[in-house]
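S.K.: Sequence:
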Amino acid sequence: MAQAPTPLNATVQQVTERIHERSRERRALYEQRMDDQHRRGVHRAELSCGNLAHGFAACGTEDKNALKMLNSANLGIISAYNDMLSAHQPLETFPETIKSAARAMGSTAQFAGGVPAMCDGVTQGQPGMELSLFSRDVIAMATAVGLSHNMFDAALYLGVCDKIVPGLFIAAARFGHLPAMFVPAGPMPSGLPNKEKARIRQLFAEGKASREDLLEAESQSYHSPGTCTFYGTANSNQLMMEMMGLHLPGTSFVNPGTEMREALTRFATEQAIRNTEPGGDYRPFYRQIDERAIVNAVVGLLASGGSTNHTLHLVAMAAAAGLTLTWEDFTDLSAVTPSLMKVYPNGQADINHFQAAGGMSYLFRELIGAGLIHTDIPSVFGTDMTAYTQEPFLEDGKLVWREGPEKSLDEAILRPVANPFTPTGGLTVLDGNLGRGVIKVSAVEEEHRVVEAPVRIFEDQNEMKAAFDAGELDRDVIAVVRFQGPKANGMPELHKLTPYLGVLQDRGYKVALVTDGRMSGASGKVPAAIHMSPEALDGGPLSKLRDGDIVRLDANAGTLEAKVDAHVWAEREKHVAELDHYHVGLGRELFSGFRHLAMRGEEGAGVFGGFEADDLARQQGQIHDEDA
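Heads up: the sequence shown is residues 56 to 683, going by the numbering used here.
Since the hints were made in silico from the structure, they are not lab data. In this text the structure is predicted, and so the values were computed from the model without any measurement. One or more hints might be untrue.
As the list claims (entries may be wrong) - Restraint ranges, calculated between C-beta atoms of paired labels, are given here:
| hint | residue 1 | residue 2 | range |
| --- | --- | --- | --- |
| 1 | G676 | R158 | 52 to 62 Å |
| 2 | R254 | H622 | 46 to 56 Å |
| 3 | Y564 | S274 | 26 to 36 Å |
| 4 | S647 | L671 | 43 to 53 Å |
| 5 | R77 | W624 | 42 to 52 Å |
| 6 | S265 | E72 | 54 to 64 Å |
| 7 | Y564 | L270 | 55 to 65 Å |
| 8 | H109 | H278 | 21 to 31 Å |
| 9 | H278 | E72 | 25 to 35 Å |
| 10 | L270 | P171 | 25 to 35 Å |
By construction, the Cβ of each residue, glycine as well, lies at the ideal position given by its N, Cα and C atoms.
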């Protein structure tokens, strides 16, 4: 029997109502547009005979006859498959599984389009990383192209990793009249223990391990098809999709290539058909995903110690659904959300250990029991969110759901609300005369959460590596890596710097990082103020800093201040960087328009603008087309 919800936490209710109120006009316009699109009717019926003939010309006879009838559901498959990247390689076989399952239901499925899927693990510290964040918006556009043929009654979104799922979500929101089902591939089995991997990385940074040692350790960590097993952006994506009811219950962390994974993919197809108008229980995205679902995603992220990338992505995702989410919402929810998970880099366990300890069903049980998430959301499972305390099982080859564990099987990994790792979430906003940024503190020990030290300024991450190698950072220091925002160079992740900062901290120095770039879900034990907004290139105050300035980062108080006399600070000119070398090579020149259009990190760092918010502002004469 599904768990009965308890009254909603007052802060969660307040933040939800605040988002609703600030988004009222914007959301109303969004819903009107989605409703208008829905009222146009079954889309294939809108096509001319010539249009429709083109749409099914390549189909087999069975599918072609079904599509001619116009009375059964046709699913559009959008996939991030490629065979180089471990997380997406398992998706190769999914389309045939989906098509087979659809035919068994008397319906059809067509592969509507593929989207790019790049791996931050491959491009980390490389020029290609400067395309990473922008790939999110390319994925959204590619999805729109795939769905533009107007042949579909629902869409299945196949993707896993960092920018892929947010990009798919943004597109799903803009095609919100269609029911949406997100279909994951699952994590690879566990490999080299995370503690050992981190140890060898740090030894290599100190010159005490060879490149051969490092490659062997990395190869044992990332070793087979499936998502990387640490709790970074990719696995945070999966958790959030389930928190919003866009996954089937318990589907996020089932390993690829298993009988269970196959059964879940087939059931996702069948359920997507049930959720269409021909299927009889129409559940479009725009009626499912509102401020309640977004709050659920934020709470799940905070309770699990998830990726800081989602302080960008969730803002952009919410905007695509006509909602205005702010960093203050994250901060206020963090204050009442206990930390319930310790998965690397917040601990030594990996995502498979989390799954074994109780997984998503236990996490849902605890959050629902504490009144921390909304349960009254129409999920893709055909229920509200109380059903997500269940997990899937195979009984004689048939997929069934049963209630998950009522107690954690390992409280070193997954804890109840009554005994959390910390009473609040692991994320906070920093504010001060250096702008606004976010910091993930779930892996930062208490004694390292306040750092006051002279700054050393860099405008390229390789400059910082050189300074470390030369021994110039063997002191208390706050490393400032600026001109790394979306307008400057696409806002790359700077994980290449993590081992060097970790070495300095282990040597007993007080160290921190401040940047207008990103650090993602693998943010570790060194305090890092990231996503600083506005960025240095956009007139941000980081451009005023000089080597030797004293800066105080206080994660407990939520402040980041340059300890410079106010008069001196006001008179100081902003430094201008030479960035041409960031803008050419490995396709970076193709993204010059994106760099010009990019919004601030606090606004989601996207290139689409504010959607309905911009349209309303134009109607009210607040902005003009040339300003957009």
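S.K.: The structure should be examined with respect to each hint, and the outcome stated for every one.
M.R.: Right, here's what the structure says about each hint:
Separation of G676 from R158 is about 54 Å and conforms to the stated range, judged on CB atoms against 52 to 62 Å. Look at R254 against H622: about 48 Å separates their beta carbons, and that is inside 46 to 56 Å. In this structure, Y564 and S274 meet the distance hint of 26 to 36 Å, their C-beta atoms being roughly 32 Å apart. In this structure the supplied range 43 to 53 Å is violated for S647 paired with L671, their Cβ-Cβ distance being about 29 Å.
Between R77 and W624, the C-beta spacing of about 32 Å breaks the proposed range 42 to 52 Å. Checked against the hint of 54 to 64 Å, the pair S265 and E72 passes, with Cβ atoms roughly 57 Å apart. Between Y564 and L270 the Cβ separation comes to about 29 Å, which falls outside the hinted range of 55 to 65 Å. Range check, H109 to H278: about 44 Å between beta-carbon atoms, so the 21 to 31 Å window is missed.
The hint said 25 to 35 Å for the Cβ distance between H278 and E72, and at roughly 47 Å that hint is violated. Hint check: L270 to P171, Cβ distance near 27 Å, so the stated range 25 to 35 Å holds.
The structure does not agree with the numbered hints 4, 5, 7, 8 and 9 stated previously, though it agrees with the rest.
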